[in-house]
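Since the structure of chain A is already known, use the hints to place chain B on it.
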Amino acid sequence: MVLALRAGSVLGFLLLWEWAARVPISFNFPSPGATVVAMLALLRSGALLAATATSLQSLALGFGAALAVGVPLGLLMGVVRPIGRVARVYLDLLIALPAAALVPLVILSVGVNIVSSAVIVFVFSVPFVAMNAYGGVRDVRPRLVEMARAFDASRWQVFVRIVLPSATPMLLAGIRYALSRAFVGLIVAELLLSPFGLGRLIMTARSMFEHDRMFATVLWTLLLSGAALAALARVEARLLRWRV
Amino acid sequence: MSDAGVAAVPIAITGVSKAFGPVQALADVDMSVRAGEFVSVIGPSGCGKTTLLKIVAGLVSADAGRVTVGDRTVRGPGRECSVVFQDFALLPWSSAQKNVEFGLLLQGVAPAVRQERARRAIARVGLTGFEAAYPAQLSGGMQQRVGLARALAVNPQVLLLDEPFASIDEQTRRVLQDDLLRVWSDERKTVVLVTHSMDEAIYLSDRVVVLSPRPGRVHQVLDVPLPRPRELGDVRASAAFAGLVDGLWKMLRKLQ
Numbered sequence: 001m002v003l004a005l006r007a008g009s010v011l012g013f014l015l016l017w018e019w020a021a022r023v024p025i026s027f028n029f030p031s032p033g034a035t036v037v038a039m040l041a042l043l044r045s046g047a048l049l050a051a052t053a054t055s056l057q058s059l060a061l062g063f064g065a066a067l068a069v070g071v072p073l074g075l076l077m078g079v080v081r082p083i084g085r086v087a088r089v090y091l092d093l094l095i096a097l098p099a100a101a102l103v104p105l106v107i108l109s110v111g112v113n114i115v116s117s118a119v120i121v122f123v124f125s126v127p128f129v130a131m132n133a134y135g136g137v138r139d140v141r142p143r144l145v146e147m148a149r150a151f152d153a154s155r156w157q158v159f160v161r162i163v164l165p166s167a168t169p170m171l172l173a174g175i176r177y178a179l180s181r182a183f184v185g186l187i188v189a190e191l192l193l194s195p196f197g198l199g200r201l202i203m204t205a206r207s208m209f210e211h212d213r214m215f216a217t218v219l220w221t222l223l224l225s226g227a228a229l230a231a232l233a234r235v236e237a238r239l240l241r242w243r244v
Numbered sequence: 001m002s003d004a005g006v007a008a009v010p011i012a013i014t015g016v017s018k019a020f021g022p023v024q025a026l027a028d029v030d031m032s033v034r035a036g037e038f039v040s041v042i043g044p045s046g047c048g049k050t051t052l053l054k055i056v057a058g059l060v061s062a063d064a065g066r067v068t069v070g071d072r073t074v075r076g077p078g079r080e081c082s083v084v085f086q087d088f089a090l091l092p093w094s095s096a097q098k099n100v101e102f103g104l105l106l107q108g109v110a111p112a113v114r115q116e117r118a119r120r121a122i123a124r125v126g127l128t129g130f131e132a133a134y135p136a137q138l139s140g141g142m143q144q145r146v147g148l149a150r151a152l153a154v155n156p157q158v159l160l161l162d163e164p165f166a167s168i169d170e171q172t173r174r175v176l177q178d179d180l181l182r183v184w185s186d187e188r189k190t191v192v193l194v195t196h197s198m199d200e201a202i203y204l205s206d207r208v209v210v211l212s213p214r215p216g217r218v219h220q221v222l223d224v225p226l227p228r229p230r231e232l233g234d235v236r237a238s239a240a241f242a243g244l245v246d247g248l249w250k251m252l253r254k255l256q
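In order, the protein sequence lines correspond to chains A and B.
What the first sequence shows, in this note's numbering, is residues 1 to 244, in sequence order.
What the second sequence shows, in this note's numbering, is residues 1 to 256, in sequence order.
If we strip away everything but chain B, and leave its shape as in the complex, we get:
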C-alpha cells in the first residue's frame, strides 16, 4: 500500500519479437513507459498485445529483444509487477479476503500482516463487507475488484492490466475505470493497460500505443493531453475527448 512508499519505475521494451510456431506474433517492438505513467496498448485483434503484456510480466519469454522493469531485466515473473486478468483468475474455493491475500501468502507474509493489508486493499476498491463472499457469489464487476485488490495488496511498482474490463457491462465498467484512475492518482504506479476499447484507452491513458496487425509492431504512439483528474470532471462529454477517440478510430480503421 502507499504507506510502504515504493517509487514507481519505468519500463523499457527494446526489439522484442515473439513467434508461436510458424505464427509471428510480435516483430521488433520498441516501447517505453515512464515511471508513474499510464500507457494503453491497443490494436486489431490478434496483434499480440496480450503477448506483449505477458512478456513484460515475465510469463512468456521473448525470442529476441529485452525488457527492463526499473533496474531488472525481465527473465521471469518478478515482484515489482502485478497482473490483472480479463477473466479475473480468482480462486473459486477461496473467499474474497483469501483471494486478495493470495499474493502475500505466496510471498510468505505473516498472517496478521497479510490480513491487514488485504483488508486495506479491499477497502480501496470499495468491497468492504464482502470479505467472506466466494467469487461465485459476486458479480463480474465485483470479481474484478477482487482481482484489482489482489494486485494492489502486494504493493507492486507496476500494474499490468490485460483487458480487465472487457467482460464487464458498460455501466459497471465506467465506475471501475474511475476507481482505477483514483487508485492510480493516489499511488502513482506505472500502468500498462491492454484494451480493445478506444474510449477506454483515451479516457484512462497518458499515451496510447497502437500496434499494427500480426506481426505486431508499434504503428504509432498517441499523446492524450486531456486534463486530470478525469474521474471528477466530464471528460467524456468534451470535444477534445471525442476528437481523440475519432483520431484513434481512423488510425485503427486503416490498420484492419
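For reference, chain A alone in the conformation it holds in the complex:
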C-alpha cells in the first residue's frame, strides 16, 4: 500500500515535471529526461564527483563539529539547568537568525576555503543538535531517576543509565533534522562563496545558461541528502527498536 503510494507519487512528480517542461513555463526549463542525460554526462566527466567530494568535506567538517559541540552542550544544558536557561536564548537566536546573513562575516574572518563552508554548515546545524539534546534530558521521567536512586545509584550512574538513554530518541531526531539543515547550509554557503563544490557547479551552469546541468546538480544534491537522511533514519530505527 505504502509502496504503491510512494511509486505513484514519484511517477506523478515526474509527469508534472515533464508537463512543466513541455508547456513551457520558461524557455529553458529542462525535462526530466534532459536532466538525467546531463547528470550522466556530469558523472562521466568527473566534475560532479569532484564537486561532491569537496562539498562532503565541508559537510563532514561542519556537521562533525556540530555533533562534537552540540551533543555535550545540550546534555550539559539539561543537567545543569541554569546553564540551560542561559544558553537556550543564544541557540534560539541562532535558529531564528537568517544564517545566510552570516556568510559575509565568515568570509571576512575565515577567508574563502573549505573551512568557511564548514563554519556555515556548523552554524546551520548546531542549534538543533543542542536544543534536542537539552529537550531530551528535560523529558527524563523523574520516576526512573527515583528508581535508580532507590537502588543507590551514583549521580554518574543515573546520568549514564537513565538520563542518556531517555534522551536518545529526541537527540537522534535532532541530529537527523540538523543533518538536513546542514545540507541547506552547505549549498547556501557554496552558492554565495562560490569557488567550491556543488554550489559552484550550480552557479557555473547557471551563468552559462546550461540549465539542464544546473538542474542535474540540484537533483544530485537532493538525492545525496535524501540518501544521507535515509541512512540516519535506519540507524535511528535500529537504536530505538524497543519502541514497539
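Just to be clear, a hint being listed does not mean it is correct.
To be verified - Calculated cross-link-like contacts (lysine to any residue; reagent style SDA-like; alpha-carbon spacing at most 20 Å):
(1) B:LYS98 / A:TRP156
(2) B:LYS98 / A:PHE159
(3) B:LYS254 / B:LEU222
What the hints assert, rightly or not - Not close to chain B: a few residues of chain A, all C-beta gaps over 10 Å, as computed:
(4) VAL36
(5) ILE162
(6) LEU219
(7) LEU229
Stated by the list, open to error - A few chain A residues that don't get close to chain B, going by computed Cβ distances all over 12 Å:
(8) LEU11
(9) GLY46
(10) PRO165
(11) PRO169
(12) SER180
(13) ALA233
Keep in mind that the hints were calculated from the coordinates and are not lab data.
Idealized CB from N, CA, C, for every residue including glycine.
Frame of chain A; chain B shown alone:
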C-alpha cells in the same frame, strides 16, 4: 536470592515529621515493623503514606525523627531495601531480563552472576520465557512482575511496596497478591506495603497501620490474626476476613 541467606531485619520509625512547603504531610509518626513481618500502611488519600515509605527507602529525608533499618540509621538509599513502584518504573529501552538485572548492574555485580540471579528472580515471579520482551510488549500485571523480580534480584532484607497493584485489574491483582505471599513465605523478608485497598491490606498483612488524614499520624494499629498460608486456603470467603475488612472500613470512614 534465598541461598544468599540474608536474615530479615526490623524497621523502627520514631517521631518522623515531614512538611512540603506549607503542607504538613506527616506529624510525629511512630511505627515499628518486626524482622520478617508483613505490615501494611493504609489511610485516606493524601495522608502521606507514600511519603512515609519514601522516607524509609531513603528517597525523601524527614524534617524530624529517625528511621532505622536493622542497625542502619536511614540517611539515604541503602542496599537492604528494595522498592516496588505503583507505575512499575521499568526502563522502556531494556528487555525484561535487563530490567531485572538493573539493581545488580548498579551494584557492579559481574555479568554472568547478574544474568543467573536475574533468571532465577524471573522464574520466581513466573515470567520465564518473557526475558527478551520489552516492557511495552507486556501487560500491566507482567510489568509489575518484572518490577517485583528486579526488587528481589538484589536480595534485599526489606521490601517496600508503594501501591504496587493499584493500576492492575482485579483478577490479575489477586494472582499477584498470592505470588507475593508465596515469595514472602519462602524468603521471610520484612515487608512494608502502602495500599488504599482494605481488602488487600487485610489479606496480606500481619498488622495494618492506619494513618489519619493530613498531617498523617498513626491513628491505630490493627492485628490480623488470620491463619497462614493464606494463599492456599479460602481466606477471603471466611467470616473472620469479612469482619476484619468491615472493622477497617468503619475505622477509615470515621477518618474521612
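Worksheet item: Going back to the hint list, which numbers does this structure go against?
Response: 5, 10 and 11
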